[in-house]
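Given chain A, work out where chain B should sit, using these hints.
There are 2 protein chains.
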Amino acid sequence: LKPVKIGICGLGTVGGSTYQVLSRETELLSARAGVQLYVSHIGARRDNPHCATADTRVSRDIFDVARDPQVDILVELIGGTTVAKELIETALASGKHVVTANKALIAEFGSELFALADKHGVVIRYEAAVAGGIPIIKALRERLAGNQILWLAGIINGTGNFILTEMKDKGRAFADVLAEAQALGYAEADPTFDVEGIDAAHKLIILAAIAFGMPLEFTRVYTEGISRITPRDVDYAQELGYRIKHLGIAKQSEAGVELRVHPTLIPERRLLANVDGVKNAVMVEGSAVGPTLYYGAGAGGDATASAVVADVIDLARDIAAEQRPQIASLGVAQQNIVAQTIVPMVQVVTPWYVRLEAEDRAGVMAQITALFSDEGISIEALIQKAPSAGESKVPVIVLTNAAAQGRLDAVIAAMDKLESIADEIMCIRVEMLDV
Amino acid sequence: LKPVKIGICGLGTVGGSTYQVLSRETELLSARAGVQLYVSHIGARRDNPHCATADTRVSRDIFDVARDPQVDILVELIGGTTVAKELIETALASGKHVVTANKALIAEFGSELFALADKHGVVIRYEAAVAGGIPIIKALRERLAGNQILWLAGIINGTGNFILTEMKDKGRAFADVLAEAQALGYAEADPTFDVEGIDAAHKLIILAAIAFGMPLEFTRVYTEGISRITPRDVDYAQELGYRIKHLGIAKQSEAGVELRVHPTLIPERRLLANVDGVKNAVMVEGSAVGPTLYYGAGAGGDATASAVVADVIDLARDIAAEQRPQIASLGVAQQNIVAQTIVPMVQVVTPWYVRLEAEDRAGVMAQITALFSDEGISIEALIQKAPSAGESKVPVIVLTNAAAQGRLDAVIAAMDKLESIADEIMCIRVEMLDV
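Same order as they appear, the protein sequences are chains A and B.
Heads up: the first sequence begins at 614 in this note's numbering, then just goes up one per residue.
Heads up: the second sequence begins at 614 in this note's numbering, then just goes up one per residue.
Extracted from the complex, chain A is given alone in its bound form:
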């Protein structure tokens, strides 16, 4: 058997780890692939001091790797959506399979790239693009193939989960923990991608596309971050038996598919509620299997390299057998991908956590409960807290039964008109995760 030759572009954290895993475990990995694997060409603008690449061909121009006729599999680990896209297009056009960890690229340009791969008779694999080392892509695409996927909900951004965990465990404020996460290197200098939910939305659309056989339409994901969550909300949620997690949720309903990333209260006994720190987890409800959950490291060089290398081994097996990989990029052939109606958020039905500040006098509570009941929303719990020193208004927490956002919006609009209730009202969705 001819060895399978791997080209790695990008030698940063993930690229460096991928190179290390492939070099360190060559024998074991080759036994698993059934063919000798080796890294024949690296493309990187600069060396990585942790990688001894003396015996490997290194090009400063990454496109040299994409055009190298000796390379069977191109591993794209440079990130970004411009040069990376061009690089992958070049590799596909020269008949190479591609493995990538690039969620933004797959989320935004996946449909186009998958079609291009099809055209050239090769495939793109991207296990590492969602939830790092957790094998959620393959699980959804191949192992739950006997199921209609009813819904999935995931903690798919480690930085956001780290921040919420610290707020819960230590009562710290969002901005304070964010600054620490940046100092520790968990969060980027520009944290928007992580804390405003864009990174999670990228991952969610990839999961949804596989789960529902729909196109990768990233812009259709509703995205809400965690920056407005206060330590008080975290505390009140705990008092009520809930945790606040930043979830990506994709759900099949009669009206279509819900695609949403937002902070969410979930019951404290659920496994997802107990996934803390930088860890990720995805829960998937299948029609036959019921609920399943996948947990692990969602980021980090070695964990992500684990997913990259798994994709490389899968491809190497087919290359060695001179077979074309048979599994379509999204689990079903391009011609079977069907656009889905996306449910507008005003129609999405969930229970709600509502925190407001109201005047502490007779009649105000009755006023509040009447507003909810006017919109047909029933109240599961209502708690009035003691006022802070010198405050005339008291915090009131309302936990509702399931109601469409449109109805809650009407309640909030009515509250805005009342002098007895302060302007700032916090609304957070609740998911029971038990259907």
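Mixed in with the good hints, there may be bad ones.
Below, simulated DSS-like cross-link-like pairs (lysine-lysine); rule was C-alpha separation at most 25 Å, straight line [to be verified]:
| no. | chain 1 | residue 1 | chain 2 | residue 2 |
| --- | --- | --- | --- | --- |
| 1 | B | LYS998 | B | LYS1030 |
| 2 | B | LYS1006 | B | LYS1030 |
| 3 | B | LYS615 | A | LYS732 |
| 4 | A | LYS615 | B | LYS1006 |
Since the hints were made in silico from the structure, they are not lab data.
Frame of chain A; chain B shown alone:
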């Protein structure tokens, strides 16, 4: 493309569900497989009232299915290790791929059957054999292929976990819950397989064989059941911040591989500690990915059918492409399977929970602690409880640091000689699951 024809043998709970999933979701499953799937032949001694098989060929002699030249994939769901083995041998010899949920058969005769499949150029798939609908086989075999597996620990028997959960939540006794589980149909009339750990040992050896590329040597698994666990142990464990779970553990160590099924105290904050009722979960620690966890339904018709159907779809893709499936049964080719040294239990090192009854008088505690220290075992916690009414002896709970079983055995032998300590001493291993 020619449709792929499936023969199902056995139409009990799992067989019936498999037939239903394949019939109900034909269109979706065929889109995922990229080829039309249909059940062309059923072998069952009797009809299943939940399955409308009027349009399907049904044979009372299951061997008719195994010999049917029209069948591409034989699905063995009759269970047992005699007829099922013969059936699979017949199917392999007539060039059919096989899908099975039969853990006992794979655990006891897998090596022989895999070799036979190799000889005939076909494969045996068995995702459903371990942890029902949880895709742990494929995760281990293909998705963690870039890792050395350091250890895995799983709750892989739902009946046992249901019993322990009821004991914890309701303070009930083992025998009492077992009787209920039998009445509910969770436990077999002969519960030995479940509660004495044999079923878990079957699953553990399958996981270990894949994880470590070793032969399926079922008899080398140390197996200890949960029937001796008392409600008091469950309570004391909780007081100390632990839960008792029945775990299957496979661990790579310098001395070899540890293969063991036994009740285990684990810290209450671990995800595995919060897997309750009939659910299963497996935690796997990989060299690159770190800890990962897979959770879901470990039994039940539909959940198991989910795994069976996933295997069918994988095979159907290759059959349609007229390709030979490239993934070896255990993830590495037969010639790369290497026997491992199994670490004798006396050498296995874990912390211990020890419960004994001692006379409540000066000097006895000192005697007890001296016995541990004589064997070089340090004590993490020692709790003396109030005596029961009319008892002269008091319960004493000792939590030790890590110590080989051989050393603990010496302590227990010394205690047996003391009049101040009652004969019956309960020892349960502790696993921190954090390495």
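These are the hints, each one checked on the structure:
1. B/LYS998 x B/LYS1030: This hinted pair holds, its Cα atoms lying about 22 Å apart.
2. B/LYS1006 x B/LYS1030: holds (16 Å)
3. B/LYS615 x A/LYS732: holds (24 Å)
4. A/LYS615 x B/LYS1006: It is violated: about 73 Å lies between the C-alpha atoms, which goes past 25 Å.
Checked against the numbered hints above, the structure breaks only hint 4 and satisfies the rest.
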